[in-house]
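Asks: Using the hints, build the complex out of the two chains.
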Amino acid sequence: MHTQLRRDFRYFGYSGLWLLMTALFLLGALMICHTNDQHARMNIITYQRSAEIAERDGEDIQALIEQGYSNLVIGENGGGVENPIAYYYEQTGISLDNMQPRRLVPLLMAGELALAPLLAAFFGLLWVSADYKNRTFRDRAIRFGKQSAVISRQLSGSLILLLMLMIAVLAAFGFQAYFRHAFYADFPDAVTTFPMSTESVPAVTHLKCIAFVLFIMLLFYEFGFAAGSLFRQNPVSYALVGAYVIFSRPVLRYGIANIIGRFAQKIFPFTGATTLTPGKPIALLPGALILIAALLVLIALNSVIVQKRSAY
Amino acid sequence: MIELIDFQKQYKHNTIYEPTNTVFPGNSISFLMGKNGCGKTTLMKCIGMLENYGGSILFDKQPLPAVRNQCMIIWDDTPCCQNLSGFQNLMLLSEDKCSKKEVRQTGEHYLKHSVLNRKVKTYSYGQRKKLMLALADLLKPKYLLMDEISNGLDADMMDELAAHLNSMKQHCTIILTGHQFGFYEKVAEHVFVKGKTTVTEVPPEECAAGSLEEIYHAYTAQT
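Chains X and D are the protein sequences, given in the same order.
Counted the way our numbering counts, the first sequence spans residues 1 to 312.
Counted the way our numbering counts, the second sequence spans residues 1001 to 1223.
Just so you know, the hints here were simulated from the structure itself, not pulled from any lab data.
Some hints could be false.
Within a straight-line C-alpha distance of at most 30 Å, the following computed DSSO-like cross-link-like pairs (lysine-lysine) qualify [as the list claims (entries may be wrong)]:
(1) X:133 / D:1142
(2) X:146 / D:1186
(3) X:146 / D:1121
(4) D:1101 / D:1121
(5) D:1061 / X:146
(6) D:1142 / X:146
(7) X:308 / D:1196
(8) X:308 / D:1061
(9) D:1119 / D:1100
(10) D:1061 / X:133
(11) X:133 / D:1121
(12) D:1035 / X:308
Computed footprint of chain D on chain X, listed as stretches where at least three residues anywhere in the stretch have a Cβ under 8 Å from a Cβ of chain D [as the list claims (entries may be wrong)]:
(13) 6-12
(14) 140-150
Glycine residues also receive a C-beta, built at the ideal position from the N, C-alpha and C atoms.
Excised from the complex, chain D in its bound form (with noise of 0.2 Å):
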C-alpha cells in the first residue's frame, strides 16, 4: 500500500494538497481522478520525490528510498530515450534485470519487432506508451503508477491492457490517473477523487451504484 499520512503541498501562494491523509490499498488497482489541473500529476511527482512536498509518503510503512528499485511510473508524455530503437530503450532501461532474448520478447509482445527496432522519434503516441508498458513488464514493480495510461491505446490494446493489470495486481500495488472512464470501470477497485485540494476516497457502495462519470461529476461539482 501507499500511504499518504500529513500530505500537503504548495506551490508559492497556491495549495494543492491541504494536510492529507490517505490510503491507496496495496495489491490493487486505485483510480484517481480530478479534473485537468488539479494535481493528479504533482502527487505521482511528490510520490516518486521528485518534488518536495511536507508530510510523508510510505510504501508499506517504508520510504521511497527504501523501496526505489520496485517502484515506475509511466508518465503521459512516456519519457525516453528518442534518439534510440525502442529494443535499445527496453535494453537500457531494465537495467539488466532480463536477458537480451526476453527483452526481445516482451518487446514484440507489445510491438512489432520492425516497429521495436524502429527509432523511438518516429513512434505514435499509443506505441510510446506500449513501449513503456512493456517496460513494466521487465521490471516487474511492486509499486506501479500509471497517469493517463489508456490514452492513445487503441480499444483492443485497452482490452489487454486491463486483464494484464487485473493480473499485475497480485503483486502489485497500482493507481491509475485518467479521464476515459470506460476503461477505468474494467480495472478500478478503489476510486479516490482530488478535489481542490483535498482527495477523497469514494465509499465502495457509491461506486457500486453509480457510474465513474457520475461520480466523478458529483465530487468535483462539490469543489
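This is chain X alone, in the form it adopts within the complex (with noise of 0.2 Å):
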C-alpha cells in the first residue's frame, strides 16, 4: 500500500494535477474571502449612504440606530426593512465579525460546501480514470493485485483532497488578512463605530464544522470515483457527475445534494455572504442515514465493479 500511495503522490505531482486542484481550491477560499469583503463594503456603504440622508432631513442617527428595525412583507414575493439604518448598522457589524480570523474557518468550510461536491466528484472521476485512460490499471492490477489497487486509489485521492482543503484554509487567512487590511484602509472608523460580537467559537465548532466537509468531500469523491469506474473518462463521465452535483438539489428530496444544505443550517454557526443555502425540507435522523449509506453503498460498488471487470 505505502508503494503504490508514493506512485499515486508522484503522479499527482508529474501529472501537473496539483497545480490545477491546488488552483481551484486557492480560488475558492479567494473567492470566499473576496465575497465577505465586497459584503462588508456594501453594508457599510449602504449605511453610510443612509445615514447621509437622515442627517441632511435632521434625523438623529442615533435615535435611528436605538430604535430597532423590523421585517416589512409587502406580498408574496416581495420584502424590506423598516429603519434600513438600524438595519444596515447591526449587517456592518455583522460583515466586519465576519472578516475576523476567529470566524474564518466556518464560514470558509460553509462557503467549500458550495464548490467541494462538484470539485471532489470531478476529481474523483478523473484520479481513477487516469488509470484506465492511460491502461496503467493493468500493470497495477497485476503488481498489487485488483483491490489493492482500487482501495489505494481511493485512499490516495482522500488524502489529496485533505491536504487540498489544509491549504485553502491556510490560505484563506493569508487572503483574509489582505482584504481585511484594505477594508480598514478604506473605512478606518469602522472598527470602532459598528458593534461586534465577542463571542468566542468553540473549538467543537471547528471541528464539526472540518468534519462534515471532509466528509461531504469524501462522499462526493466516492461518487466520481464510481462514476469513472463505470463510464471511464469521457464528456457523458462528466457531464452526468456536473448535472447531478448542480441540478439535483431543487428536485430530489431525498438525493444528497439536498440534504447536505438541510444539514448545513444546523452544522454552520452563523451564515455569510457564500453559505449554501437551505435545501427542501428533510427531518436530521433519515438525511444522516441517506448520507451514510450513500458513502457506503458506493465504495462497496467501486469495489464490486473492479472485481467483476474483467478487461482493462
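Replies: Shown next as C-alpha cells:
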C-alpha cells in the first residue's frame, strides 16, 4: 500500500494535477474571502448613504439605531426593512465579525461546501479513470492486486483532498488578512463605529464544520470515483456527475446534495455571504442515514465494479 | 517456471482454453505462437489475474499473490502515462527500486536523453516499446511476459533485445508471444502453439528440424 501511495502522489506531482487542484481550492478560498469583503463594503456603504440622507433630513442617527428595525413583507415575493439605518448598522457589524480570523474556518467551510462537492466529484472521476485511460491499471493490478489497487487509489485521492482543504484554509487566513487590511484602510472608523461580537467560536464547532466538509468531500469523491469506474473518462461521465451535483438539489428531496443543505443549516454556527442555501425539508435522522448509506454503498460499488470487470 | 494446471477459460459459450496442463520452464525463454485472436494475450491476462479463469496458474509452485512484485508483463499497447515524460514514467513505474541516476542511465541506454524527456504521447510505437524494456531492466522481474515485443523495433534494437533476453534468462522465466518468427528463432528455447482451445509444446527435435514458420503452419493447420 505504501508503495502505491507513493506512486500516486508522484503521479499527482508529475501530471500537473497538483497545480490544477491547488489553483481551484485557492480560487475557492479567495472567492469566499473576497465575497466576505464585498459583503462588508456593501453594508457599510449602504449604511453611510442612509445615514447621510437621514442627517440631511435632520434626523437623529443614534436614536434611529436604538429604535431597531423590523422586516416588512409586501406581497408574496416582496419585502423590505423598516428603518434601514438600524438594519445596516447591525449587518455591517456582522460583516466585520465575519472578517475576523476566529470566524474564518466555519465561514470558509460553509463556502467550501458549495464548491467541494463538484471539485471532489470531478477529482474522483479524473483520479480513477487516469489509470484506465492510460491503461496502467493492468500493470498496477498485476503488481498489487485489483482490490489493493483500487483501495490505494481511493485512499490517496482522499488524502489529496484533505491536503487541498488544509492548503485552502491556510491560504484563506492570508487572503482574509489582506482584505481586512484593505477594508480598514478604506474605512478606518469602522472598527470603533459598529457593534462586533466578542463571542468566541468553540473549538468543537470548528471541528464539526471541518469534519462535515471532509465527509461531504469524501462522499462526492466516491461518487465521482464510481462514475469514473463505470463510464471511464469521457464527456458523458463529466456531464452526468456535474448535472447531478448542480441540478439535483432543487428536485431530489432525498438526494445527497439536498440533504447537505439541510445539515449545513444545523452545523454551521452563523451565516455568511457564501453559505449554502437551505435545501428541501427533510428530517435529520433519515438524512444522516441516507448520507452514511450512500458513502458505504459507493465504496462497496467501487470494489464490486473492479472485481466484476475483467478487461482493462 | 510457470505452470498451468487444469487451466480453462471461456467467454460465455466461447471456449478459449479447454482444461490445459502446460509448464513454461524456468530460467529459459518460451515462445507461444498462434493465430490472431486465438487467445495468447488472454492467457497473459489470466497469468496476471486480470481475467477470471478455471484451474490454477503457479509460479514456481506459488500463486501470483505471493510473487506479484516479481512479475511483469509488457503489453503490445505498452501502457504508460501518456501525459508524462519517458523519464517520469520510469521513475513512477519503477517504484523507487532504483535511484534517479540509475533510472536515467537505464533509460538512456534505450532512448536518447531528449526523447526520454519528451512526453510519451509524442513517442513512436517502437520508442514506447523501448521504454518498457528499460522498465523491465529496472524492475528485474523473475517472471517476464512480453506480448508481441518485437513489433515496432528496429533491426539493431531487435539484435540487442535478443542478446539481452539471453542474458536475462539466467535469473528469469520469460514467455514471449508474437509473429516475427525470424526474431523469435534467435531466442526461443521452448516453443508452444496455441491451437483452437489447447496449448501444445512442440518437441525440441521438431524445433531443431524446421523453422518456426513451418512449425506454425503445420500446427495451426491441424486446428
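Asks: Now tell me if each hint is right for this structure.
Replies: Going down the list of hints, with the structure as the test:
1. Our distance criterion of 30 Å between C-alpha atoms is met by residue 133 (chain X) and residue 1142 (chain D), whose separation comes to about 28 Å.
2. With a C-alpha separation of about 36 Å, the suggested pair residue 146 (chain X) and residue 1186 (chain D) falls outside the 30 Å cut-off, and the hint is violated.
3. The suggested pairing of residue 146 (chain X) with residue 1121 (chain D) holds, with an alpha-carbon distance near 26 Å, which does not exceed 30 Å.
4. Pair hint residue 1101 (chain D) plus residue 1121 (chain D) holds up; C-alpha atoms about 24 Å apart against a cutoff of 30 Å.
5. Restraint check: the Cα-Cα separation between residue 1061 (chain D) and residue 146 (chain X) comes to about 22 Å, which is no more than 30 Å; the hinted pair holds.
6. The hinted pair formed by residue 1142 (chain D) and residue 146 (chain X) meets the criterion: a straight-line CA distance of about 21 Å does not exceed 30 Å.
7. A threshold of 30 Å between alpha carbons decides the hint, and for residue 308 (chain X) with residue 1196 (chain D) the separation of about 26 Å falls inside it, so the pair holds.
8. Taking the CA atoms of residue 308 (chain X) and residue 1061 (chain D), the gap is about 27 Å. The hint holds against a cut of 30 Å.
9. Simply put, residue 1119 (chain D) and residue 1100 (chain D) have alpha-carbon atoms about 18 Å apart, close enough for the 30 Å limit, and the pair holds.
10. Annotation: proposed proximity of residue 1061 (chain D) to residue 133 (chain X) is violated, straight-line Cα distance about 34 Å (limit 30 Å).
11. Taking the CA atoms of residue 133 (chain X) and residue 1121 (chain D), the gap is about 12 Å. The hint holds against a cut of 30 Å.
12. Proximity of residue 1035 (chain D) to residue 308 (chain X) is assessed by CA-CA distance (about 28 Å); at most 30 Å being required, the pair is judged to hold.
13. Closer than 8 Å: that is the beta-carbon criterion, and the region 6-12 of chain X has 4 residues meeting it against chain D, so the requirement of 3 holds.
14. With a threshold of 8 Å between beta carbons, the proposed coverage of the region 140-150 of chain X by chain D holds, since 6 of its residues qualify and at least three are required.
Against the hints set out earlier in the document, violations occur for numbers 2, 10.
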